[in-house]
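Note that the protein sequences, when read in sequence, are chains C and D.
169 is the number that my numbering gives to position 138 of the first sequence; each next residue is one higher, with no gaps.
520 is the number that my numbering gives to position 148 of the second sequence; each next residue is one higher, with no gaps.
What the hints contain is simulated information worked out from the structure, not anything from laboratory work.
Every residue gets a Cβ at the ideal spot worked out from N, C-alpha and C, and that includes glycine.
Be a bit skeptical, because a hint or two may be false.
Unchecked claim - What the simulated footprint calls covered on chain C by chain D, stretch by stretch (three residues with Cβ under 8 Å from a Cβ of chain D suffice, anywhere in the stretch; the number is not a length):
(1) 70-81
(2) 84-96
(3) 100-106
(4) 149-162
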Amino acid sequence: MAEQGTTRFEQVVLPHLDDAYTLACYLLRDQHDAQDAVQEAVLRALRYFDGFRGEDARAWLLTIVRNYCYTWKKGRATDRSTVAFSDTADHVADVRATDDLVIQSTESERVKAAVDALPDELREVIVLRELNEMSYREISEVVGVPIGTVMSRLSRGRNRLAEALGADSRRAG
Amino acid sequence: MTCADCLESLGPYIDGELLANEAAVIEEHLKTCPDCAAAHQRLVSTTSRLRAALTRHPAPDVLKARIRAALVQPVAEVSAAPKRVPFYRVVGWPSAIAAAAVVAVLSSALTFSVTARRPAGETVRSELISSHIRSLMPGHLTDVASNDQHNVKPWFNGRVDMSPNVPRLDSLGFPLVGGRIDYIDGRSVPVIVYTRRQHVINVYSWPTNTTNEPPVTASSHGYNVIHIPRNGEELWIVSDLNRAELGDFARLLVGNS
Numbered sequence: 032m033a034e035q036g037t038t039r040f041e042q043v044v045l046p047h048l049d050d051a052y053t054l055a056c057y058l059l060r061d062q063h064d065a066q067d068a069v070q071e072a073v074l075r076a077l078r079y080f081d082g083f084r085g086e087d088a089r090a091w092l093l094t095i096v097r098n099y100c101y102t103w104k105k106g107r108a109t110d111r112s113t114v115a116f117s118d119t120a121d122h123v124a125d126v127r128a129t130d131d132l133v134i135q136s137t138e139s140e141r142v143k144a145a146v147d148a149l150p151d152e153l154r155e156v157i158v159l160r161e162l163n164e165m166s167y168r169e170i171s172e173v174v175g176v177p178i179g180t181v182m183s184r185l186s187r188g189r190n191r192l193a194e195a196l197g198a199d200s201r202r203a204g
Numbered sequence: 373m374t375c376a377d378c379l380e381s382l383g384p385y386i387d388g389e390l391l392a393n394e395a396a397v398i399e400e401h402l403k404t405c406p407d408c409a410a411a412h413q414r415l416v417s418t419t420s421r422l423r424a425a426l427t428r429h430p431a432p433d434v435l436k437a438r439i440r441a442a443l444v445q446p447v448a449e450v451s452a453a454p455k456r457v458p459f460y461r462v463v464g465w466p467s468a469i470a471a472a473a474v475v476a477v478l479s480s481a482l483t484f485s486v487t488a489r490r491p492a493g494e495t496v497r498s499e500l501i502s503s504h505i506r507s508l509m510p511g512h513l514t515d516v517a518s519n520d521q522h523n524v525k526p527w528f529n530g531r532v533d534m535s536p537n538v539p540r541l542d543s544l545g546f547p548l549v550g551g552r553i554d555y556i557d558g559r560s561v562p563v564i565v566y567t568r569r570q571h572v573i574n575v576y577s578w579p580t581n582t583t584n585e586p587p588v589t590a591s592s593h594g595y596n597v598i599h600i601p602r603n604g605e606e607l608w609i610v611s612d613l614n615r616a617e618l619g620d621f622a623r624l625l626v627g628n629s
């Protein structure tokens, strides 16, 4: 029985490992942390698997991965006993990313830095939409907010990126 | 349709989230309104830049290997612990105490005879398998993560009393992942980590006074363990990789170090 459960779990959940790892890499911005977080999240998913009703396995797994990534980040922040108020952190990230943008030459490094500089709530919807190609309904399930909120966050995220990248290419040119 | 309505719907429009008739209205408006058409153009170019520049990250083989190993473990634990009815409920207290005394005497005698007969290699082997399984849990695989032997080898300086061999075997299909220190058989030993497809291979080594002996391969709990005593050093290789390929790995490792 347990054996069968694990096999079904593997068939349903493991095909979405690439999406899970991509999301974790962008949320944690560190590939080793992302590996540990995805492994831990998958084990949690196995524990909750009885509660999975068989609708959208990808959205279900990514919900667990996303939530675990934030738990992980919070744990890290208190571990280091830093006073990581999100406003301060975003501000620092913005400054660093702007500096990087001036130095970094390739397009993909510039785009990556601009995405990294976004606050978490905007970055996650951008990654889920542009890289994992999820629908608004799926994103709303993963992030746990109404579709209208997904729409407005996506729009804010894209506007910020257009600004950051547009301003930068003018400066370069 | 007003321009404000149009601008608000541009996101859902390019994401294919609008119904056909809603999309048709936007399309009509974009043909006649240059401002909204420019905004549409900007949005399309931003998303295509994002998609072109951002990389997806496929889950690395080592992550898949760790997940596969972790998925096997909990099931094994569950099946190994069947529901038990407490012994004293079945037989009553006095006889339970008497029986316990007999069991205690017998089991210590048994333990003694078993440990007396068990070769020293056996306990090391089971320690190594435990270490291998532990290494697959989150955060335990490597203390130094690098596919470059020039980063991995010097990391051990001053941390253990020997410098392990770290040959590069990635061109032969066994990429290096990193290294760590484990505690085996009462001492700190260096561990070098390689992978083969989705299998993790842990290589342990420590100094000893044995001479060259032929390798010994043993299997237990689905893991293969190869023991190679040679030139004052013991080499132990542990993996769930099949015997044939692990044997190839052992030959390459010894041949290249």
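Results for each hint:
no.: 1; hint: 70-81; verdict: holds (count 5)
no.: 2; hint: 84-96; verdict: violated (count 0)
no.: 3; hint: 100-106; verdict: violated (count 0)
no.: 4; hint: 149-162; verdict: holds (count 5)
Violated hints, in rising order: 2, 3; the structure is consistent with all others.
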